[in-house]
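Model the full structure from these sequences, guided by the hints.
Here is what each chain is made of, one letter per residue.
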Amino acid sequence: MTQMSVRIGRLTLANPVMPASGTFAEGMGGVFDLNRLGALVTKTITAELRAGNPLPRVAEVQGGMLNAIGIPSKGVAYFLSHTLPHYSRCRAPLVVSISAPTAEGFAAIAAAVSVAGVAAIEANISCPNIEEDGRAFAQRAGATEAVIRQICAATPLPVWAKLSPNVGDIAEIARAAESAGAEAVVVANTILAMSIDLATFRPRLGNTMGGLSGPAIKPIVLRQVYQTARAVRIPVIGCGGISSAEDAAEYMIAGATAVQVGTASFLKSDTMTDIIDGLDRFCTQHGLARVAELTGAIRLEADHAETAEMETVT
Amino acid sequence: MNITSPASCAGAFRPHVAEEVSLVLHNATVNGEYRHLVVQTSALAAQARAGQFFQLLCPAPPGEAPFFRRPMSVYGTDITANTVSFLYKVAGVGTRGLATLRPGDALPLLGPLGQGFVLDPAWRHVVAIGRGAGLATLGPLAVAAEAAGIGMTAILSARTPELVMSEDLFRRHGAKVIAVTDSDGSSDPAHLRRLLCMMIADDRCDALFTCGSQRVLRLMQRLAREFDLPGQVALEQQMACGLGMCFCCVRDFNVGGEIVHKRVCWDGPVFDLQEAVA
Ligand SMILES: Cc1cc2nc3c(=O)[nH]c(=O)nc-3n(C[C@H](O)[C@H](O)[C@H](O)COP(=O)(O)OP(=O)(O)OC[C@H]3O[C@@H](n4cnc5c(N)ncnc54)[C@H](O)[C@@H]3O)c2cc1C
Ligand SMILES: Cc1cc2nc3c(=O)[nH]c(=O)nc-3n(C[C@H](O)[C@H](O)[C@H](O)COP(=O)(O)O)c2cc1C
Ligand code: FES
Chain Z
0 MTQMSVRIGR
10 LTLANPVMPA
20 SGTFAEGMGG
30 VFDLNRLGAL
40 VTKTITAELR
50 AGNPLPRVAE
60 VQGGMLNAIG
70 IPSKGVAYFL
80 SHTLPHYSRC
90 RAPLVVSISA
100 PTAEGFAAIA
110 AAVSVAGVAA
120 IEANISCPNI
130 EEDGRAFAQR
140 AGATEAVIRQ
150 ICAATPLPVW
160 AKLSPNVGDI
170 AEIARAAESA
180 GAEAVVVANT
190 ILAMSIDLAT
200 FRPRLGNTMG
210 GLSGPAIKPI
220 VLRQVYQTAR
230 AVRIPVIGCG
240 GISSAEDAAE
250 YMIAGATAVQ
260 VGTASFLKSD
270 TMTDIIDGLD
280 RFCTQHGLAR
290 VAELTGAIRL
300 EADHAETAEM
310 ETVT
Chain C
0 MNITSPASCA
10 GAFRPHVAEE
20 VSLVLHNATV
30 NGEYRHLVVQ
40 TSALAAQARA
50 GQFFQLLCPA
60 PPGEAPFFRR
70 PMSVYGTDIT
80 ANTVSFLYKV
90 AGVGTRGLAT
100 LRPGDALPLL
110 GPLGQGFVLD
120 PAWRHVVAIG
130 RGAGLATLGP
140 LAVAAEAAGI
150 GMTAILSART
160 PELVMSEDLF
170 RRHGAKVIAV
180 TDSDGSSDPA
190 HLRRLLCMMI
200 ADDRCDALFT
210 CGSQRVLRLM
220 QRLAREFDLP
230 GQVALEQQMA
240 CGLGMCFCCV
250 RDFNVGGEIV
260 HKRVCWDGPV
270 FDLQEAVA
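One line per chain: the protein sequences are Z and C, in this order.
When we follow numbering that gives the first Met the number 0, the leftmost residue of the first sequence carries the number 0, and every step to the right adds one.
When we follow numbering that gives the first Met the number 0, the leftmost residue of the second sequence carries the number 0, and every step to the right adds one.
Bear in mind the hints are in silico, worked out from the structure with no lab data behind them.
Be a bit skeptical, because a hint or two may be false.
[Said to hold, decoys possible] Computed cross-link-like contacts, DSS-like style, restricted to lysine-lysine with a CA-CA straight-line distance of at most 27 Å: (1) Z:LYS267 x Z:LYS217; (2) Z:LYS267 x C:LYS88; (3) C:LYS175 x Z:LYS267; (4) C:LYS88 x C:LYS175; (5) C:LYS261 x C:LYS88; (6) C:LYS261 x Z:LYS73.
Following this line, the structure appears as structure tokens:
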């Protein structure tokens, strides 16, 4: 039996596996015991009521899917009166994903959800910042630092910053989140993408563009986790195309302390418990007593890292 | 109709949705368009009720690769043999993949899912009109009605007489069957309206059910309002998770004059007849 617990800042999780925001809700609790998970992560909520994007909201592509769900949200009051009580008997800590169009808005909703039963806040800063031409907060180090600082000042809870993969230098954004007080970074959200129906010449998403997720993005996000983990001291939570214990192990070896699983749960609803069991076996096979030993266990030839960085420039 | 889900992590865990690998027992053509698939499942999966559905992980047909699972209504169950059957139309990549399954093959699935039909024991006779894949969804309603001692008239609609399906199933379970087709014009809404009005006049229509046709849905909504009858409709929408988690399967519903979004996989697929926006 491997010691499966991991530490994310002030939180200790029973194991490193949790759902990705927007791909988890109470329905999963009908399939397996949610107490098996390292943490529970809610769909992003906003202060205002929102309807979400036009249909179709998803499309399948090779090795993955596109989504432009938008953030249909019933607001904070609904979250406090319905969602939160629903999970009140779960041992797994509840992480609440929040979003807002302004840094002030982020701070306000962070304060509003800082109640008993919430263990941490995940700031989904991949959304457009209306104060910066609609560019996502997570696309600029300055905006990331400002918004995370305001959130941290508004809540006593640990704050995780969920980063966007749609950037040139993710390590720089992660450092900004760290210096603003984030206790962890989640790497990453979906990759901006699109697809066109060749029979109709129409975009296959109602929103034209959307986010790519699933196995297709794994090598890209894995690289970003590796780069981020080398740049910050806070834990990195890897998220992108993880469907198996091997995928999770690969992310941890690249530097992740924990992982989030999204799209894979749509193809097999109990993928996360498979991953927990598989990680345990993987560690046993490799003679590791603690799953945490996987984190950053990547073996590089001497100088290889430097050379690799140089080569990517060419 | 909506059953609120129990709080998570409350008490000892007991799954009510099965995530499992079923075994294909039978997969053969019914007519030029539809195929009948029977799989061996767990007891939990075989408890599926009329109107509920499964998410099927369709195998990849040669040269193509479906990504999402595909939603499919339960067409029949056997709770002694633990089998579930489906009636499906080969429509695209996923269902083309389903058509390649042979007895002995594995088919991963998730279910039963969603809210099914609800029968009021006070009803004596109900009327269902189905078309296309809608017949698959309504088939098990005949079984449930028979078990509840409720009579049923099933109006089966299709383009041509050869494409009328499931007559035997409905008859075996005591339903009176009327086949209507586009080829002889009998599936026309005006004709259906006359048929329904006759049944209402004969006091043989305590509730209306439908699936598979927007035209029939609109007709039923008007009649149900005129005669103050209850009704239910099963709806379709593209799905990813099937468990109410991703919000890709929403449709508009009219709830007390206000248009709201509901998730077909979680709040339905069976909805109150008047709430559906046809
Ligand atoms: C609750 C429910 C029950 C259903 N029951 C049956 C049934 O018993 N028999 C039957 O033949 N069909 C049924 N359908 C429709 C069936 O799911 C689609 O025909 C099937 O998904 C088509 O997949 P494809 O890959 O063959 O087609 P493609 O057109 O290649 O599919 C592309 C995408 O669109 C989605 N899609 C396409 N058509 C539909 C549709 N009508 N409804 C929902 N999603 C669709 C697919 O799931 C996939 O994501 C049901 C749909 C729902 C929502
Ligand atoms: C349908 C869907 C909805 C999502 N909704 C959210 C969301 O509300 N907030 C968020 O931060 N990320 C959201 N995501 C992104 C996921 O949390 C995750 O970052 C991404 O899908 C990559 O992981 P995966 O490849 O394991 O799915 C969503 C993804 C999908 C597929
Ligand atoms: S398919 Fe995901 S919410 Fe309905």
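Exercise for the section: Output the numbers, in ascending order, of every earlier hint that fails for this structure. Expected result: 3
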